[in-house]
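Please assemble the complex out of the two chains, which come individually in their own frames, going by the hints.
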Amino acid sequence: MPNKKKDYQIILASIQKPVIGEAGITGTWSKLKPVINSEKCIPSKSGKPGCFNCWLFCPEGVVSRTIPPKINIEYCKGCGICKEECPASAISMEEVEIE
Amino acid sequence: MNLVKVMDVQEEEYIYPGTRMCAGCAMALIYRFALKALGPKTILTVPASCLTVLHGMQGFCTTKVSVLHTPFATTGASASGIVASLEEKGLNNEICVVAFAGDGGTVDIGIQALSGAAERGTDFIYACYDNEAYMNTGVQRSGATPQGAHTTTTPGGKMKPKKNMLKIMEAHGIAYVATANGSYPIDIYEKFKKARTMIGTKYIHILSPCPPGWGYDPKETIKIGRLAVETGFWPLYEIINGKFNLSRESKKYLDPSKRKPIIDYLGAQKRFKGISDEDIEDYKTYINNLWDEIKKRIDH
Ligand SMILES: Cc1ncc(C[n+]2csc(CCOP(=O)(O)OP(=O)(O)O)c2C)c(N)n1
Ligand code: SF4
Ligand code: SF4
Ligand code: SF4
Ligand SMILES: [Mg+2]
Chain Y
2 MPNKKKDYQI ILASIQKPVI GEAGITGTWS KLKPVINSEK CIPSKSGKPG CFNCWLFCPE
62 GVVSRTIPPK INIEYCKGCG ICKEECPASA ISMEEVEIE
Chain H
113 MNLVKVMDVQ EEEYIYPGTR MCAGCAMALI YRFALKALGP KTILTVPASC LTVLHGMQGF
173 CTTKVSVLHT PFATTGASAS GIVASLEEKG LNNEICVVAF AGDGGTVDIG IQALSGAAER
233 GTDFIYACYD NEAYMNTGVQ RSGATPQGAH TTTTPGGKMK PKKNMLKIME AHGIAYVATA
293 NGSYPIDIYE KFKKARTMIG TKYIHILSPC PPGWGYDPKE TIKIGRLAVE TGFWPLYEII
353 NGKFNLSRES KKYLDPSKRK PIIDYLGAQK RFKGISDEDI EDYKTYINNL WDEIKKRIDH
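In order, the protein sequence lines correspond to chains Y and H.
The numbering used here numbers the first residue of the first sequence as 2 and each following residue consecutively.
The numbering used here numbers the first residue of the second sequence as 113 and each following residue consecutively.
Treat the hints loosely; a few may be bogus.
What the hints assert, rightly or not - Here are the computed lysine to aspartate or glutamate pairs in the DMTMM-like style, where the Cα-Cα straight-line distance is at most 20 Å:
| no. | chain 1 | residue 1 | chain 2 | residue 2 |
| --- | --- | --- | --- | --- |
| 1 | Y | K49 | H | E123 |
| 2 | H | K274 | H | D120 |
| 3 | H | K407 | H | D367 |
| 4 | Y | K32 | H | D329 |
| 5 | H | K407 | H | E350 |
| 6 | H | K331 | Y | E75 |
| 7 | H | K382 | H | D367 |
| 8 | H | K335 | Y | E86 |
| 9 | H | K279 | H | D376 |
| 10 | Y | K18 | H | D329 |
| 11 | Y | K71 | H | E125 |
| 12 | H | K331 | Y | E95 |
| 13 | Y | K49 | H | D220 |
| 14 | Y | K84 | H | D329 |
| 15 | H | K331 | Y | E86 |
| 16 | Y | K41 | Y | E85 |
| 17 | H | K372 | H | E390 |
| 18 | Y | K71 | H | E123 |
| 19 | H | K274 | H | E206 |
| 20 | Y | K41 | Y | E95 |
| 21 | H | K331 | Y | E85 |
| 22 | Y | K71 | H | E124 |
| 23 | H | K335 | Y | E75 |
| 24 | Y | K34 | H | D329 |
| 25 | H | K331 | Y | E96 |
| 26 | H | K117 | Y | E86 |
Claimed, not checked - Stretch-level coverage of chain H by chain Y, calculated; a stretch enters the list once three of its residues show a Cβ under 8 Å from a Cβ in chain Y:
| no. | segment |
| --- | --- |
| 27 | 124-131 |
| 28 | 169-178 |
| 29 | 205-216 |
| 30 | 323-337 |
Said to hold, decoys possible - Which chain H residues stay away from chain Y? Per the calculated CB distances, all over 10 Å, these:
| no. | residue |
| --- | --- |
| 31 | G228 |
| 32 | N248 |
| 33 | T263 |
| 34 | M271 |
| 35 | K272 |
| 36 | K279 |
| 37 | R360 |
| 38 | D367 |
| 39 | K370 |
| 40 | K382 |
Honestly, the hints are just simulated from the structure, not real lab data.
Just so it is clear, CB atoms sit at the ideal spot from N, CA and C, and this is done for glycine as well.
Pulled out of the complex, with its shape left as it was, chain H reads as follows (with noise of 0.2 Å):
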């Protein structure tokens, strides 16, 4: 495939300025680059989280692209009525149907009508943005909170490990599995735009660091994105019809002295503040044995 350059990404914004999120939110940057690629002729479907208040207030809305708001458990759902309304009237091949949602509303809450949609092949994009929390209600911890992490339901540090989303989803056999991160925006419009063409169902789920529950300055957010891959502990990567791709920016990780420290990572955030020897051996762990899995199926 072709290296999209920066002027190649599409220049119009389908985001009015002057929304609600937070200054740094990688979210905002994420939705950004993912409307760009969806263009115009996309119906989003997004249930409670951050990404709802992005959208306004009843009566107004902060977007070129048409979003239904949905309840909480429904995402899944809700996307695969709008398919087949849109094959109903012969539009489901020029209308995309995205879900966006967060991780507490996909990999807790939102799982089963996602997990449904997914065993039908319905044709549409399911993007989780994964701040790694319950951010808009104050950072509760989810499924999707890695271990060690503080939230406010977690005042000692998450003592389990993050929920393996992307596995789940792969298991589903569907057409498209990627990882993301809001870091790599090019990265994001070439993922988001090669899932728009292809049928099937899509996922996408997206790195978002978030300044105040992940505790660093908002000037940080693209620095702490970036160790998130360059330490290992995030590849980026996408999985086409069950072949797996490694993403250009990832592909120097292979070699495990290229990886810096975990800790690079982990101690540039409040949340892990005091994080015990033995979580970030279980962290080290995790990073050799996700990339030895990744070499395997490379070599394959």
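Extracted from the complex, chain Y is given alone in its bound form (with noise of 0.2 Å):
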């Protein structure tokens, strides 16, 4: 026979925890990573939000809408999509440790 209880619990284990970082740190797929010149940076310089190309474009969610903004390099896969669609050149690939 069946146990009840034990089917329901079968069920409820379909039931998902969230998580950060389901792949690993996916950091580590890439020793390449963007680095902001602030400087260059449009919000950095004027102070003002704006621009945050590098927010809007990045697949992974892992830059931060603030003045400067911000990369969170323990997840960022370096593809290199937030310096192709930096307006102002502000940011560059560079071979960056993950702690």
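In structure tokens:
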């Protein structure tokens, strides 16, 4: 006879636990990370919110919409999209160690 | 409508970082902005695809939004079931049901259940992110693969043109049909926001560049997607209760002289390597005819 309680528990097990870094520290996928030059970055220079292309186009959502924008390199995959889409050429890709 | 600016977009992220998506995946970006627009009071249903993989392994989840993983052919049917249960509980006005599927899961495998749901006028959004092949299983051709593209099952380049899913969905007479593109995240945001407020079946088809499947460097994702719009191959538009509305970013391409040559788009991707002159001519004809039709619909 199937144990009713057990069946119910099996269904409950399909409820998933929210997790950051489900695929591990994905920042380790690439050594190259974007580094923002605040002297060139538009909102950093003006002190006013604006541009934020790096925030907008990052597929990983690891750039903050702050002045200056900050990049969470632990989960940045180093795709280089933010560098390509920066209108002020304020981003360079550099080798950065993840702690 | 007021122009949505970058600061107007929801700042909160609904996807936890560290998913399994490839670097430079446009689908991850599309999903990011779709969820920002939809918000937490949403239930998603997702068939087998790269998007399944984004949500992680059994026992874990990577989004702040509830997601049901559904068998391949059942996306439209599962969405109908969720809508029916919400109606039963009186929660259908509060919670939005969204099916999110790949092109294979939409234009081939899921088309029957989607067509059924659309014919019933089921109150939900169906979003298709179109990377133009079965990517999760290693780049097999789908009905949405464009002419001339190499996949593992079209080693000489696909001989048939891309299936016109937008026309098929429009023919259902549904409330909302729209195209979008991963390189225009604010446009994606606006369209999902709008669709969320409408009643009935809403269909959004989003072109989704894929670095390994299309053969280009991940950093080029936004440029490649933009070229699809700039060449006129992928116009951005909405059809709201039958009324055609060309989206802001595509307006200038009504003028053929503003369109970039299609070879700029095709030539930037390895999947089109060695594409024949006949295929390129077919693209030019396709684009001209597409825009003639758009022009007629706008003048009306
Ligand atoms: C019934 C069934 N057949 C085949 C598969 C294998 N499968 C998993 S994902 C996938 C490809 C889906 O392609 P698409 O819908 O375009 O999404 P993409 O992977 O490109 O994101 C296939 C064939 C499956 N999971 N279930
Ligand atoms: S894209 Fe460049 S200029 Fe714009 S906010 Fe980011 S770093 Fe600054
Ligand atoms: S390199 Fe790619 S993943 Fe990293 S911050 Fe820039 S856009 Fe995001
Ligand atoms: S194969 Fe393509 S669609 Fe799938 S995760 Fe990688 S880039 Fe994204
Ligand atoms: Mg696909």
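Here's how the hints hold up against the structure:
{"no.": "1", "hint": "Y:K49 - H:E123", "in the structure": "holds, 16 Å"}
{"no.": "2", "hint": "H:K274 - H:D120", "in the structure": "violated, 35 Å"}
{"no.": "3", "hint": "H:K407 - H:D367", "in the structure": "holds, 10 Å"}
{"no.": "4", "hint": "Y:K32 - H:D329", "in the structure": "holds, 16 Å"}
{"no.": "5", "hint": "H:K407 - H:E350", "in the structure": "holds, 14 Å"}
{"no.": "6", "hint": "H:K331 - Y:E75", "in the structure": "holds, 19 Å"}
{"no.": "7", "hint": "H:K382 - H:D367", "in the structure": "violated, 29 Å"}
{"no.": "8", "hint": "H:K335 - Y:E86", "in the structure": "holds, 9 Å"}
{"no.": "9", "hint": "H:K279 - H:D376", "in the structure": "violated, 26 Å"}
{"no.": "10", "hint": "Y:K18 - H:D329", "in the structure": "violated, 34 Å"}
{"no.": "11", "hint": "Y:K71 - H:E125", "in the structure": "holds, 15 Å"}
{"no.": "12", "hint": "H:K331 - Y:E95", "in the structure": "holds, 15 Å"}
{"no.": "13", "hint": "Y:K49 - H:D220", "in the structure": "violated, 48 Å"}
{"no.": "14", "hint": "Y:K84 - H:D329", "in the structure": "holds, 13 Å"}
{"no.": "15", "hint": "H:K331 - Y:E86", "in the structure": "holds, 9 Å"}
{"no.": "16", "hint": "Y:K41 - Y:E85", "in the structure": "holds, 15 Å"}
{"no.": "17", "hint": "H:K372 - H:E390", "in the structure": "holds, 19 Å"}
{"no.": "18", "hint": "Y:K71 - H:E123", "in the structure": "holds, 14 Å"}
{"no.": "19", "hint": "H:K274 - H:E206", "in the structure": "violated, 37 Å"}
{"no.": "20", "hint": "Y:K41 - Y:E95", "in the structure": "holds, 17 Å"}
{"no.": "21", "hint": "H:K331 - Y:E85", "in the structure": "holds, 7 Å"}
{"no.": "22", "hint": "Y:K71 - H:E124", "in the structure": "holds, 15 Å"}
{"no.": "23", "hint": "H:K335 - Y:E75", "in the structure": "violated, 26 Å"}
{"no.": "24", "hint": "Y:K34 - H:D329", "in the structure": "holds, 16 Å"}
{"no.": "25", "hint": "H:K331 - Y:E96", "in the structure": "holds, 16 Å"}
{"no.": "26", "hint": "H:K117 - Y:E86", "in the structure": "holds, 17 Å"}
{"no.": "27", "hint": "124-131", "in the structure": "holds (count 6)"}
{"no.": "28", "hint": "169-178", "in the structure": "holds (count 8)"}
{"no.": "29", "hint": "205-216", "in the structure": "violated (count 0)"}
{"no.": "30", "hint": "323-337", "in the structure": "holds (count 7)"}
{"no.": "31", "hint": "G228", "in the structure": "holds, 26 Å"}
{"no.": "32", "hint": "N248", "in the structure": "holds, 15 Å"}
{"no.": "33", "hint": "T263", "in the structure": "holds, 23 Å"}
{"no.": "34", "hint": "M271", "in the structure": "holds, 32 Å"}
{"no.": "35", "hint": "K272", "in the structure": "holds, 30 Å"}
{"no.": "36", "hint": "K279", "in the structure": "holds, 30 Å"}
{"no.": "37", "hint": "R360", "in the structure": "holds, 16 Å"}
{"no.": "38", "hint": "D367", "in the structure": "holds, 25 Å"}
{"no.": "39", "hint": "K370", "in the structure": "holds, 21 Å"}
{"no.": "40", "hint": "K382", "in the structure": "holds, 17 Å"}
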